[in-house]
Amino acid sequence: MSVLRSALIPLIAVTLALVVGAILIATSGSSPVEAYSALIEGSFFGWESFGTTLEKATPLIMGGLAVAFAFKAGLFNIGGQGQLLFGALIAGAVGYGFTGLPWIIHMPLALLLGAVAGAAWGAIPGILKATRGAHEVITTIMLNFVAANMAEWLATKVWRKEGDILVRTPIIEDSAEIPTWGHVPLGFFIAVAFALAIWFLLQRTTFGFEIRSVGLNPSAAGYAGISVKRIIVLTMTISGFLAAIGGSIETLGVVGRYEPGVNAGLGFDGITIALLARTHPIAVIPAAILIAAMNASASLMQFKAGVAPEIVDVIEALILLFVATPIIVRWFVKSRQDDGVSVGATWGST
Amino acid sequence: MTTLAGRLVRYRWWLVVIIGITAFTLFTGDFRLDPTTAILAATLRHSTPLVLGAMCGILSERSGVVNIGIEGQMLMSAFAGFMVASGSQSLLMGVAAGITVGALMGAALAGLSVTLKGDQIIAGTVLNIAAIGLTSFFFTQGRSLPGKTPIIRLGPLADLPVIGKVFFINPPITYVSLLLVVALWYALFRTTWGLHTRAVGEHPSAAETVGISVVRMRYLNLILGGAIAGLAGAYLSLEAVGSFERGMTNGKGFVALAVMIFGRWNPVGAWGAALLFGYTNAIQTQFQFRGWFTDHPQFVGMLPFIVTIIVLAGFVGRARPPASLGQPYDRE
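Which chain is which? The protein sequence lines are A and B, in order.
Under the numbering used here, the very last position in the first sequence is 350; numbers go up by exactly one each time.
Under the numbering used here, the very last position in the second sequence is 1332; numbers go up by exactly one each time.
Among these hints, one or two may not hold up.
[Stated by the list, open to error] Over 10 Å on every C-beta distance to chain A, these chain B residues come out as not near it, computed from the model:
#1 Arg1032
#2 Asn1128
#3 His1203
[Claimed, not checked] Only part of the chain B face toward chain A is listed, based on derived beta-carbon distances under 7 Å:
#4 Leu1116
#5 Gly1133
#6 Ser1144
#7 Pro1146
#8 Gly1251
None of these hints come from the bench; they were simulated from the model.
Note that the coordinates shown come from a computational prediction; the quantities given were computed from them, not determined experimentally.
Where is the CB? At the ideal position from N, CA and C, for every residue including glycine.
Required output: the full structure, derived from the provided sequences and hints.
Here's what the structure looks like:
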């Protein structure tokens, strides 16, 4: 019952966004019914499209988890894009550079080292916030741009196969691949496992309790003897780790090598998903599948109904709009639930 | 004499920075007048969208509302300006459309954060994501502008050595941005309106008790700020590039926030900070021209962003934001 209640606001937000999206589709001269049936067909009909949806959902789950986890400590990690990029790149480098290892060692090693690289990248804004008071919203975005340049340089100058015209790393060894069973990708289940682990960490451990205390009231947490600075740095590090796992799985399980730009925009999707899930780690899974379904079927929507695929981004923005302003949804349903996340009050404070 | 010596000691790091930058500029300019002037002129051009964006941020934050949606406001305005200008074949109409859409985006932020009392950072993020989605959805290739906004020579001033070429041979929005810096500084610190704006940002309930409407002042500032961000957007598509590209703001709205903090929420300070950031962009072009780092352009490309981080980490501790920043105002 309580699960149903807390799912109500996101469901209404999604419905409202789809209604407004339908109006937009109609004004651009296409049929909303055709567009939305193509959306469902392209994402859930048949194992192949369902497999594609799960494949696209995987980095989104990790991106959503990264944002949701940071939210729990009152931090807003917009740096998922850069952290994911480092994960994808380092996993690709380890995946092709280490040879002769058995799968049981090589694949987890590539996954882990990619994630560690992202964790280190995520730690930087954490340290800057804890020691210098630089707000993570700006530093993470700046680091996204730095990461894009760094990754391009590494993929061009350091790890590119000689003679390759494109900026990309060589194809990874078979022993580093994350397999797909039929059409069902293993990577998806890794992401689900992380979602469960993060839920456990937050709800059932002392460390998770400390994180949530800092998120609810940093000064009270400080008086209670929790080192707020330590929590800020650790939370950002773990958040970067999670985002980078998404990038690593993308390289090892989907693309097979690192290519820049392949994950463009995923960092922002993570924000939508985290808010849609109301920062609940397990609710991130269905939220990510929803966004993935829209992304997976955007081209079929264009093919069948003649709608520009960018409508998906517009619907996403609308979902975020309706989720972020619970008052709009309140017009439709009476709910005494609290309003979810608040990060604005930490702006500029040290 | 002691005061001069005292000042020299007090501002010694600024002196080091200024002398360092001057020497470096002369060096990259090959110690010749023309390339050095070109670097300075490019610095001013690159700083224009940043100082405009920063002024949008100053108006919002001085009245107590965090605005991380500047990026989205600029992108939407750049798009609207381009579409209207290419449709009507009038650049003036385009600039007007950019300003209008920017103001509307400001009103949207006000609606989300002041009226609906949503989280201000999330509200700004909504604007940013919506701008990316809407501009990509409605953008169609193959439109073109009737040229870019023309460069205007300001009579005899333009003939002055160095200064003339840097300050008095510019396109219109660049001139307007310079005037706005002075006007906004005056308005914020020397008029009743400015006093009310700052009061609302520092202590809204005290402001309300003396009869200043917090809601009204915040709406007013966000809409005005949005219009200025709109001008920055119009600058990008109609004055700098002469076209629209998806995601053409490329983080400038966020750099503008760093400029605002570095300039200590003061228009004149922000102008100085914007020049510093414009400079890091300008020397990139000069590096390319001189053939430096052409094998590793990525390191030059990340320079402005690294400078932003260093500035934030180095200066934010000493700069104090308006006291009630980020908190929705609830009249008890």
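Residue hint leucine 1116 of chain B, partner chain A, criterion CB-CB below 7 Å: Status holds, d = 5 Å.
- request: Quick one: work out the minimum CB distance from arginine 1032 of chain B to chain A and report holds if it exceeds 10 Å, violated otherwise.
  value: Per Cβ check, arginine 1032 of chain B is outside 10 Å of chain A; nearest 30 Å; holds.
message: Next item in the hint list is proline 1146 of chain B. Is there a CB on chain A closer than 7 Å to its CB?
response: 26 Å, violated
Minimum Cβ distance from histidine 1203 of chain B to chain A greater than 10 Å, as the annotation requires: 16 Å, holds
query: Should the interface hint for glycine 1133 of chain B be scored as holding, given a Cβ-Cβ cut-off of 7 Å against chain A?
result: 3 Å, holds
task: Grab the minimum C-beta distance from serine 1144 of chain B to chain A and call the hint holds if it beats 7 Å, violated otherwise.
output: Hint on serine 1144 of chain B: violated, closest Cβ of chain A at ~20 Å, above 7 Å.
query: Minimum Cβ distance from glycine 1251 of chain B to chain A below 7 Å?
result: Constraint on glycine 1251 of chain B satisfied, holds at 6 Å.
message: For asparagine 1128 of chain B, is the shortest CB-to-CB distance to chain A above 10 Å, so the non-interface label stands?
response: 8 Å, violated
Hints 2, 6, 7 from the earlier list are contradicted by this structure; the remaining hints agree with it.
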